[in-house]
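Construct all of the structure, not just a fragment, from the sequences and the given hints.
Quick note on full-length UniProt numbering: the sequence shown kicks off at 1 and runs consecutively.
Honestly, I wouldn't trust all of these hints.
[What the hints assert, rightly or not] Label pairs and their in silico Cβ distance ranges:
hint : residue 1 : residue 2 : range
1    : A8        : P93       : 25 to 31 Å
2    : Q7        : N54       : 27 to 33 Å
3    : F3        : N88       : 15 to 21 Å
4    : G117      : E5        : 31 to 37 Å
5    : Y116      : A8        : 18 to 24 Å
6    : R82       : S16       : 23 to 29 Å
7    : L115      : F57       : 32 to 38 Å
8    : I4        : I50       : 22 to 28 Å
9    : A59       : H19       : 19 to 25 Å
10   : K119      : G22       : 35 to 41 Å
Because the hints were derived from the structure by calculation, they are not lab data.
Only a predicted model underlies this, so the values are computations on that prediction, with no experimental measurement involved.
Note that the Cβ used here is the ideal one computed from N, Cα and C, for glycine as well.
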Amino acid sequence: MVFIENQADIVIGFFSEDHGDGSPFDGQFGVLAHAALPQGGFTHFDSDEIWAPNLRFLARTTGSVDLLTVAIHEFGHNLGLRHSNVQNAIMWPSVQLQTRKATLDADDIEGIQFLYGSK
1 MVFIENQADI VIGFFSEDHG DGSPFDGQFG VLAHAALPQG GFTHFDSDEI
51 WAPNLRFLAR TTGSVDLLTV AIHEFGHNLG LRHSNVQNAI MWPSVQLQTR
101 KATLDADDIE GIQFLYGSK
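See the structure below:
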């Protein structure tokens, strides 16, 4: 195995308030995360949120936000998807606290297939 240092295609990080990308976070229960469309190459999560790394923590922790749900949504932006007007879609612009939504809706799949083609 050989390690080659190179720039990442997507830089992922946890930040708070003004973190230098022109889109400052607003504290807990506001904007949870944001990501660039494919050309930008970043996904930022608001470090002021209570991020749930698993379902057990999510169920037991009032006010927690499911990290997987938000990550899938933001990575959708990294792939070129915009917000959906279909409430069950991953790309719906908001998420409920203490809720996991990790299954792609037909609208999400159609969006990716429109951008990249189907099988």
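We went through each hint and held it up to the structure:
1. Checking the proposed 25 to 31 Å range against A8 and P93 shows it holds: the Cβ atoms sit about 26 Å from each other.
2. Separation of Q7 from N54 is about 31 Å and conforms to the stated range, judged on CB atoms against 27 to 33 Å.
3. One distance hint, 15 to 21 Å for the beta-carbon pair F3 and N88, is violated here, with the actual separation near 42 Å.
4. Look at G117 against E5: about 33 Å separates their beta carbons, and that is inside 31 to 37 Å.
5. Under the hint 18 to 24 Å, the C-beta atoms of Y116 and A8, about 21 Å apart, fit the expected range.
6. For the hinted restraint 23 to 29 Å between R82 and S16, the CB-CB distance of approximately 26 Å keeps it satisfied.
7. The beta-carbon spacing between L115 and F57, approximately 33 Å, falls within the hinted interval of 32 to 38 Å.
8. About 37 Å separates the C-beta atoms of I4 and I50, a value inconsistent with the hinted range of 22 to 28 Å.
9. A hinted range of 19 to 25 Å for the beta carbons of A59 and H19 is inconsistent with their spacing of about 30 Å.
10. At about 38 Å, the CB distance of K119 to G22 agrees with the hint of 35 to 41 Å.
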